[in-house]
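Protein sequence lines, in the order shown, are assigned to chains A and B. FYI, my numbering numbers position 89 of the first sequence as 933, with every residue one higher than the one before it. FYI, my numbering numbers position 110 of the second sequence as 114, with every residue one higher than the one before it.
Keep in mind that the hints were calculated from the coordinates and are not lab data. Being a predicted model, the structure only gives us computed values, none of them experimental. A portion of the hints provided could be inaccurate.
[To be verified] Computed footprint of chain B on chain A; a stretch qualifies when at least three of its residues, placed anywhere within it, have a C-beta under 8 Å from a C-beta of chain B:
1. 883–896
2. 925–933
[As the list claims (entries may be wrong)] Straight-line Cα separation of at most 27 Å, BS3-like style, residue types lysine-lysine; simulated pairs:
3. A:Lys913 with A:Lys902
4. B:Lys28 with B:Lys106
5. B:Lys28 with B:Lys72
6. B:Lys106 with A:Lys913
7. B:Lys106 with B:Lys82
8. B:Lys82 with B:Lys72
9. A:Lys902 with B:Lys106
10. A:Lys913 with B:Lys72
11. B:Lys82 with A:Lys893
12. B:Lys72 with B:Lys106
13. B:Lys82 with B:Lys28
14. A:Lys893 with A:Lys913
Every residue, glycine too, gets a C-beta built ideally from N, C-alpha and C.
Next come the chains, spelled out residue by residue.
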Amino acid sequence: AQSVTQLDSQVPVFEEAPVELRCNYSSSVSVYLFWYVQYPNQGLQLLLKYLSGSTLVKGINGFEAEFNKSQTSFHLRKPSVHISDTAEYFCAVSDQAGSTLGRLYFGRGTQLTVWP
Amino acid sequence: DAGVIQSPRHEVTEMGQEVTLRCKPISGHDYLFWYRQTMMRGLELLIYFNNNVPIDDSGMPEDRFSAKMPNASFSTLKIQPSEPRDSAVYFCASSRTGRTEKLFFGSGTQLSVL
């Protein structure tokens, strides 16, 4: 089974500052990587995903993430945050092959709070 | 496209009562997932279906929980009898292929068992 560790449960930041949300995973097989965002009282929405190719992935709302295979990390970044980015962010992985087709393993989430 | 539709949005019940949560996936999606979200355990996959067939139910907590998918457009998650520790937000999600395609989540059912 996979495991996903989001190192920070809460990240407070001021508006227009840069932010990085950290994610590390452990897996014995190759994986696909995802970041989801959850706004209050809503379900999760996909921000971006890494399947293959370029290790720098760009997503919606100005977010990007970089896959680092040697460090088994997939950190999420944004150069300048807005108050509307306040939400909970989840890192997730799924196996590229094997019997666990379709199964996503989620981290515990990071609450990003943007202050004016 | 209306997205994944869950009902009810909120459910308050008393311990020992039966609770049924409902989900309508997006048309054409072959995979349906039930997740539970709590402060203590985060997001947990309970069960998922492929083409209406349960594939992995290893996340179902115990026999009190059961899930069905009688057709491609409807699924239920039932808890009988319910207990206070079942209080959580239950999410349904669907996807087209289940591996690389993104999951579309419903808005969740907030369950409170008193």
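Would you list, in rising numerical order, the hints stated earlier that this structure does not obey?
2, 10 and 11
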